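Chains L and U are the protein sequences, given in the same order. The letter at position 115 of the first sequence is residue 115 when you use our numbering, and the numbering goes up by one with no holes. The letter at position 14 of the second sequence is residue 14 when you use our numbering, and the numbering goes up by one with no holes.
In case anyone wonders, no lab produced these hints; they're calculated from the structure. Keep in mind that this is a model prediction, so the values were computed, not measured. Hints are all accurate, no fakes.
Result set (BS3-like, lysine-lysine): computed pairs, CA atoms no more than 27 angstroms apart in a straight line: (1) U:K160 with U:K77; (2) U:K121 with L:K109; (3) L:K16 with U:K179; (4) L:K47 with U:K121; (5) L:K10 with L:K137; (6) U:K179 with L:K26; (7) L:K26 with L:K16; (8) U:K154 with L:K61; (9) L:K23 with U:K179; (10) U:K110 with L:K84; (11) L:K47 with L:K16; (12) U:K160 with L:K61; (13) U:K160 with L:K65; (14) U:K22 with L:K45; (15) L:K26 with U:K121; (16) L:K45 with U:K179; (17) U:K179 with L:K61; (18) U:K110 with U:K22.
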Amino acid sequence: MPPVDVPGYKQTIKYKGIFDFDKFYKMVYSWMMGNNYYFEEPSYKHKVPSEFGAEDEVEIKGWIKVNSYVRYWIFVTWHTWDQKEVEVIKEGKKVMLTKARIWIELKNKVELDYDDYFGKSKFTEALRTFLNKIVLKSRIENVYTDELHYRMLKLHNLIKEYLDNETKTNAFYDVW
Amino acid sequence: MAKLKHVYTDIKYLEATYFRVKYRDYFDMRQLYLTMHEWLIQEDYATREDHTFPETYYMHRETLQSGNEGWIWWRLKKIPNNNSYYRYVLDVDFHILMMRDAEIMHEGRKVKTNWGEVEIKIWAKLEGDYGRKWRDSTIMKHFEDLFRRRIFFKDFQMHKLEFYREAYRFQEFIKTYLKLRTYLPEVENEKFFAPLGHGDISQS
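Looking at chain U on its own, in the form it has when it is part of the complex (with noise of 0.2 angstroms):
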């Protein structure tokens, strides 16, 4: 009988943190998913070419009575240090519902938009030999276990603090993007991208 395994299985990792967004309300779907794009341009977890996006999946289903559903998983992966052993894991989930074309007054101006609901999930995790160096050896991979769960225990705590703090500043920037409330004390996107997708900064 075949062997089911999932896409985690034998990974060994840590899990940062897991949250989700959902919104349902007026905004711009295209205008989200590039600005989020860019984000994770600008912070090293991609590169501007679009052949090399992990974008692993994109499902777009049209209805006539209930709009557009749509699914997107973007499945990143980042280094962070050059570091040889762990690298930073963030799988991206969007569920779109109900999504359609609406029109909006913005500043006086009307201006295209959707209207629907976005979910997005996203799972932060630490992976550790990520490369198999440790666990392919015949003599390392004895050790291992031992290394990662006390060796190496204390730094691979401080990567995953660290990543959970790069993890809720994304959080942060999707949330001011959709103009939601905040907790964190410096805006991630500050005026850079144009909130909700609507109108120019330079008038604001």
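Only chain L is shown next, with the shape it has when bound in the complex (with noise of 0.2 angstroms):
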């Protein structure tokens, strides 16, 4: 039996404007490598269907070990259409940034014995099974899916940040 996954809640950011998607794009890796995430892309798709600009789907997963049973998942999926460079001066200076409709999409999982040590039969599975839904109830309810949820509201704030947005603030700064 494969590890358990605990889903968590799911963040979305809609955006239509101009954006430096080169600097989103770093910033989104930098921040995943600055906690120390193991960053992974496994799908980055592009094409040009009309006129109007080009259609980007991107994925982008990190994840962290909390302990030698749990491990947290961080899924990023943004979605664009309408891409196309344009010129404009900011701060006096000519830039190339892009205008697009972004869809942005943040959920997170918390991944209980990711290596599989209780899954070698069905007693020990049994087990973990006892584990997760009396012993560590709590802990999991508690900690581990709260901690998740506030450190990817801290991501999540950041790319509202990043493209000004009105509700650029996160109430729960100084949480975990």
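Bring the two chains, given one by one in their own frames, into a single complex with the hints.
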């Protein structure tokens, strides 16, 4: 039996306008690497369906080991439409930015027993179920999922700050 | 009844990473193929001798209305630092759809290129005991699992991380060629290969 996943909440950001896409991409990568996540990009799709601009779909995921039993995962997916490079004057200098519609989704999950130590037999699987549902239940719900959710909110807020959204504040910035 | 076996049955491997890059626009397929081939030679996954290059499958189908379709499989292996226990296994699959010849204007000149969709899937796996020295030995086969899961574990993880970095450098290389956005601080192919296969780099 494979490791057990405890899915978290999903966050979505939608934005239409001009932004520096290259810096945005590097910012997400830097945040993950700076927070010691093992970064992976399983899919990158690009096409130009019409004269209005290009379309990109990118999936990013990162994991970090909390201990020998628990692992945190964060998934970032974005989809852009009508992507075009535009030249703008920013702070007195000409820069190339991207004009696009972008939809960003952030998801997370807590993975338990990621090395499948308890998956060797039916008895050990039953032990794992007992461990997850009885012994570690409050720790999983109150500590692990909670911590991961607020960590992901930090990334969520960073993206909103970068896109200069009106709601670019994080009321829980000091939590975890 | 015949027992079906996958190519990875009985193979002890650890997946370092998997990713795919899908691109649909104007680009030169032949140059992409040659450029990736060149990178693999430079990284010691293959030699310059064509008959030794591990292209295990090549399919090309032409249709009148939908353009050309192609499948190409590369199954590459590399033994890092003459290691006797593990090796890097890199599986590269190309899937080309709707490929047709096209002409574009590039830097004031007409350039012959292609339009179509290419999907490149890459699996990077770390294979343990590739020579079957442990598994085929009467005594050592009983300890192989213990050594791989416990004693060599940290070493394995370290090499897996190394291979993961190498695989993502390859991804960076492909994305730079296709002029897609990248995130690594150092560009992999810089100005050595002309992006999209167009133009002479000495002019840029």
